[in-house]
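K.L.:
Chain by chain, the residues:
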Amino acid sequence: MVELNAAVALLGRFPALTGVDLRIEAGETILLQGPNGAGKTTLLRLCAGLLAPESGTVTVLGHDLTAGSERRAVRRRVALLGHSTGLYEDLTVAENVRFWARAAGLDAELSVERVVGALQRLGLDDGLLDLPVHRLSAGQRRRTSLAALVVRRPELWLLDEPHAGLDQAGRSVVDKLIGDAVAAGGTVVVSSHELERVRTLSPRVVTLAGGAVHRDTSP
Amino acid sequence: MVELNAAVALLGRFPALTGVDLRIEAGETILLQGPNGAGKTTLLRLCAGLLAPESGTVTVLGHDLTAGSERRAVRRRVALLGHSTGLYEDLTVAENVRFWARAAGLDAELSVERVVGALQRLGLDDGLLDLPVHRLSAGQRRRTSLAALVVRRPELWLLDEPHAGLDQAGRSVVDKLIGDAVAAGGTVVVSSHELERVRTLSPRVVTLAGGAVHRDTSP
Amino acid sequence: MSRFFADARLVAAKDLRIEARSRVLLNQVAPFALLVLVLFGFALDADQRTLRAFAPGLFWVAVLFCALLAIQRSVSVEQADGALTGLRLSGMSPAALFVGKASAVFVQLVVLEVLLTAGIIVLYGSEVEQPLLVVATGLLAAVAVACTGTLYGALASGLGVRETLLPILLLPVLAPVLIGATRAFDDALGNAAVDGWAWLGLLAVFAVVATAGGALAHGALVDE
Amino acid sequence: MSRFFADARLVAAKDLRIEARSRVLLNQVAPFALLVLVLFGFALDADQRTLRAFAPGLFWVAVLFCALLAIQRSVSVEQADGALTGLRLSGMSPAALFVGKASAVFVQLVVLEVLLTAGIIVLYGSEVEQPLLVVATGLLAAVAVACTGTLYGALASGLGVRETLLPILLLPVLAPVLIGATRAFDDALGNAAVDGWAWLGLLAVFAVVATAGGALAHGALVDE
Amino acid sequence: MTETMETTDTTGSRGSRLLGVVTLLGLATLLLFAFALTEPDVRLHPTTGQEIGQFDAVRLLYLHVPLAVFTYVAFVLCAVASAGYLVKRTAWFDTMAYAAAEVGTVFCGLVLVTGSIWGRPVWNTWWEWGDVRLMTTLVLFLMFTGYLALRRATVDPRASARRGAVVALVAVLDLPIVNRSVEWWENRTLHQKSTLGELKIQDLTLFTLMLGFLVLGLVLAWLLLHRFRVGWLEREDAGHGVATAIAERRADIDEGDVDAAVGEGA
Ligand code: HEM
Ligand SMILES: Nc1ncnc2c1ncn2[C@@H]1O[C@H](COP(=O)(O)OP(=O)(O)OP(=O)(O)O)[C@@H](O)[C@H]1O
Ligand SMILES: Nc1ncnc2c1ncn2[C@@H]1O[C@H](COP(=O)(O)OP(=O)(O)OP(=O)(O)O)[C@@H](O)[C@H]1O
Ligand SMILES: [Mg+2]
Ligand SMILES: [Mg+2]
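Chains as they are written, first to last, in this note's numbering: chain A, 1 to 219; chain B, 1 to 219; chain C, 1 to 224; chain D, 1 to 224; chain E, 1 to 266.
These are calculated hints, taken from the structure and not from any lab test.
As the structure is a prediction and not an experimental result, all values here were calculated from the model.
A portion of the hints provided could be inaccurate.
Just the calculated beta-carbon pair ranges, DEER-fashion [claimed, not checked]: (1) G179/A <-> K176/B: 34 to 42 Å; (2) S84/A <-> A26/B: 33 to 41 Å; (3) G12/B <-> G68/A: 43 to 51 Å; (4) W184/E <-> H83/A: 39 to 47 Å; (5) L216/D <-> P203/B: 44 to 52 Å.
Note that CB positions come from ideal geometry on N, CA and C, so glycine has one too.
Let the sequences and hints guide you as you build the complete structure.
P.N.:
In structure tokens:
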């Protein structure tokens with residue numbers, strides 16, 4: 001599913017990943033932890049095909065990401081929740097989610113249905129749907145952003161601190177999302193600083209430090 | 001110290017606070033929780049003098065914040081950690097903290113000393129000090145932002161999700177900061193979604209919902 | 001192919017909707033356009049005749065400045081909160097994205113050109129002698145500017161200094177458009193005995209190259 | 001009082017340091033300024049003599065456009081990551097903040113003016129006949145533009161549409177500066193028989209009013 | 001409830017409706033006088049005997065001049081109200097300032113339009129660069145366009161009021177320049193100087209001009225009244241909206257949801 005061998009990635013000239021070896025099987029859920037600046041965000045972006053590996057090999061969903069065309073190909077098959085929410089401030093919550101559904105290539109009918117489902121699952125109720133995003137609170141934005149991911153039903157989920165900013169109900173929703181994704185055959189990589197919370201999701205915890213895998217509690 | 005009576009605050013035309021009654025004594029630590037969109041951020045901004053109350057009364061550190069001049073006066077006596085970090089991207093970590101120390105009115109010598117102390121406390125080690133902020137990871141930014149608060153030694157600390165994005169070590173640092181602030185006679189209001197973590201800090205938990213105090217476990 | 005156009009339409013519709021919500025074009029860029037004409041009037045301190053003689057050039061300089069604003073805005077909409085990353089992950093072809101963004105800019109430019117034409121007629125006393133040439137020039141130049149601008153917007157995007165970088169990247173490239181369109185207007189407004197239609201040819205070539213080149217190169221930029 | 005100047009210096013130094021790091025002025029605004037001169041050359045398609053006659057006006061239009069960029073940047077530095085909130089909480093007086101930000105813009109404008117003066121000498125063949133008048137005009141106009149611009153930057157700040165709103169708010173107000181400075185240059189470059197020193201008086205009045213008014217009004221805006 | 005609905009349905013009252021009727025009748029009368037009853041400006045050249053003068057174009061006088069004067073009135077009102085707002089910070093001043101700015105901008109636009117149309121036959125151009133009065137009037141118009149753009153772009157009503165007030169106070173500095181420009185720059189203007197003081201126009205012309213002042217004054221008052229009321233009602237509506245929104249928000253709180261959100265009680 002995902003396989004990295006001695007993968008090095010640069011941000012500017014800084015080696016944010018210094019040689020990562022990691023293997024993730026289909027249907028697995030893995031938890032990524034590590035100190036601030038360890039390279040978690042960079043690793044997720046690398047797996048999403050947004051960065052080119054400097055050296056080493058990165059294979060995701062069968063694509064060898066050293067080639068630009070393969071990086072492009074892999075992107076549509078993964079979903080990445082990043083530190084920023086990727087929403088259009090002047091569009092409403094519903095319009096944003098609808099746009100991202102259509103942008104992912106869903107046709108009009110299918111997208112309507114999925115959008116409604118996603119909004120409900122994220123607990124974005126009717127009062128919020130027609131608010132422009134710039135009027136949302138931090139957690140409401142985050143939920144909208146998650147809804148825009150959920151409609152895509154990707155094969156590989158890369159979630160960078162998905163619980164951040166969410167209230168307890170929101171956190172349970174995220175946990176449930178992850179559970180459902182795995183049940184539907186997806187693979188999930190979750191980075192998080194909240195281990196107590198996240199550890200219930202999977203026994204496998206990968207600790208990054210200094211841009212490399214420091215410990216891997218493979219089962 | 002802080003006293004709100006039926007305080008209403010608008011964001012645009014939306015009543016983000018619908019009538020908050022709250023009293024905080026000097027030297028107290030209170031934890032603010034509540035669902036996404038409950039109004040936690042708005043309450044903290046109101047207490048910092050950044051918003052004008054629409055109705056009701058807000059008294060902070062003896063200033064009645066219905067008057068513009070009082071809002072201006074209270075601002076220099078509080079410190080607010082918000083959702084955004086308030087750093088200059090092109091300046092280095094050290095330069096940013098130094099600037100904010102000087103901007104708070106510390107003279108040159110005093111600020112040097114405090115800046116060094118603050119950077120150390122936040123675990124921003126020498127390698128990072130001369131990096132421009134745009135090259136930091138999410139958690140490193142957050143630490144820098146906290147360091148810029150710590151140098152001010154304010155009377156009232158308003159911390160909006162101070163643990164968000166920090167690793168375990170960072171979280172302990174924040175807990176220690178709060179403890180030290182209280183020990184030095186300060187008052188601290190902490191909003192957080194991570195109650196398991198935060199509850200050790202203080203027995204008093206105020207739950208906001210719908211822009212008002214829903215429950216207050218005053219001791 | 002149908003996915004291509006559906007995607008392009010989706011993106012263009014999204015940008016135009018954001019435009020309609022924020023009213024930036026109507027409330028701000030349009031007044032700015034007129035202002036630029038007025039400033040030229042002040043600066044040249046000239047009589048009506050001089051201004052009329054220079055009207056074509058000033059018109060197109062004004063269009064370029066307004067286009068800069070429109071393109072800045074088009075880029076910053078994607079940048080503000082990292083939406084561009086989302087688009088890169090969406091599987092949409094970069095060419096479709098390009099066509100969509102450029103179309104939205106094109107529509108806005110046409111509106112601005114109509115307004116500026118009214119502006120030079122009233123303020124500079126220009127007279128439209130060959131309406132067809134004016135329309136053709138306006139459309140082709142708008143295509144050229146929209147496509148080049150969208151491409152260069154992508155080049156400058158993601159850099160902290162976009163606001164200032166974009167002008168210096170874009171303006172030199174658009175110099176041929178400025179010259180060609182000015183000459184064509186010189187003819188169309190009866191200012192000078194040049195063959196406007198020949199210059200129109202230049203514009204057409206530029207527009208075609210910008211569209212095709214932009215759609216191709218955009219992939220290399222956005223899709224990295 | 002000494003706190004006032006210390007704060008103003010702190011802010012100005014910070015802005016200039018950011019400037020020095022990002023090199024926006026040198027690498028981007030300055031080339032843009034020259035580009036604008038060249039574009040005018042293309043657009044007017046005129047011989048050296050015409051260009052020389054219009055050089056003062058074109059010079060000052062170019063300064064205004066560059067000033068817009070510099071001011072946008074000065075605002076966006078505070079806006080990008082919510083630093084303005086920090087400044088409001090710092091207890092710094094809004095007047096000191098105003099003076100600091102305006103000074104940094106002033107310094108940048110002076111650099112640009114020097115560059116553009118070289119530009120019109122080389123590109124348009126202008127000749128400086130009264131250096132003193134040129135310097136005085138340049139300095140006073142820079143003060144006027146920097147102060148007005150900083151005030152209006154604060155007016156437009158925090159609005160999503162700042163990039164487009166600022167020009168239309170600011171340019172009409174600066175029309176007197178454009179006219180006054182152009183006339184003064186007309187005299188100083190020996191283009192027309194106007195009394196440049198009289199126009200300089202207008203600029204001086206404007207500069208004083210802008211500085212005082214700006215420092216006062218800034219409080220009402222920034223400090224809410 | 002229904003009663004408040006009725007009063008908030010309209011911005012008029014019996015008085016303002018009466019004013020409206022009078023204004024409309026006045027406008028009709030003015031147009032009748034201006035475009036039918038008064039004579040066109042035709043004189044014979046003293047030596048050649050040719051017909052000279054402004055012919056029918058002169059009829060714009062009756063609109064143009066009163067419009068210009070009432071533009072002044074509206075903008076001064078706006079500035080005074082803005083200053084009042086900055087001192088007193090009350091909604092009344094702000095609503096008045098916004099209303100006066102909007103109506104004044106419309107009037108100012110009409111001055112420009114009637115002036116241009118007049119200039120076309122008389123000066124043989126729509127627009128004359130270098131004419132100081134024209135330019136200063138245009139700048140005035142543009143500054144208030146900016147004012148309106150700013151107000152529309154700002155969601156927070158307080159920020160909108162405050163920022164608008166600053167812009168209005170800056171913009172109004174242009175007014176004296178517009179008015180005095182023809183005196184200060186005598187040789188730089190085609191535009192008429194202030195001649196109303198030394199009127200030597202025939203009776204009917206004078207009467208029509210005075211009628212123009214009266215009627216356009218009424219128009220200004222009428223528009224201002226309604227624009228002010230619209231603004232006021234919007235504000236009140238927003239006020240009611242806030243009360244309702246507060247009630248709704250508080251009613252919306254669901255004990256169970258809150259407990260779930262903060263991870264309690266489960
Ligand atoms: C776009 C073009 C024009 C503009 C912007 C304009 C503007 C103004 C303004 C602002 C005033 C009020 C001046 C004051 O009382 O302080 C005014 C008055 C007047 N205008 Fe115009 N005007 C224009 C064209 C014309 C033309 C073409 C004529 C006739 C040839 C004209 C004739 C007058 C007259 C007779 C007055 C009254 C002067 C007095 O006694 O105060 N205007 N105009
Ligand atoms: N644009 C950049 N240029 C150079 N170095 C960078 C850049 N962005 C981040 N870095 C560095 O790369 C390293 C890894 O960053 P990354 O964002 O992947 O960390 P992270 O594990 O996600 O941390 P956090 O928990 O704080 O989010 C950090 O040490 C950081 O200093
Ligand atoms: N600019 C705005 N205009 C109008 N309404 C807003 C604006 N910003 C936030 N709101 C609304 O105000 C309410 C309170 O927002 P606030 O940011 O205070 O919530 P919060 O408790 O901090 O939530 P979170 O836990 O998600 O950070 C939310 O319901 C939100 O929709
Ligand atoms: Mg990270
Ligand atoms: Mg919040």
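K.L.:
Now look at each hint and say whether the structure bears it out.
P.N.:
Going down the list of hints, with the structure as the test:
1. G179/A <-> K176/B: 34 to 42 Å: 36 Å, holds
2. S84/A <-> A26/B: 33 to 41 Å: 39 Å, holds
3. G12/B <-> G68/A: 43 to 51 Å: 45 Å, holds
4. W184/E <-> H83/A: 39 to 47 Å: Given about 59 Å between the Cβ atoms, the range is violated.
5. L216/D <-> P203/B: 44 to 52 Å: 49 Å, holds
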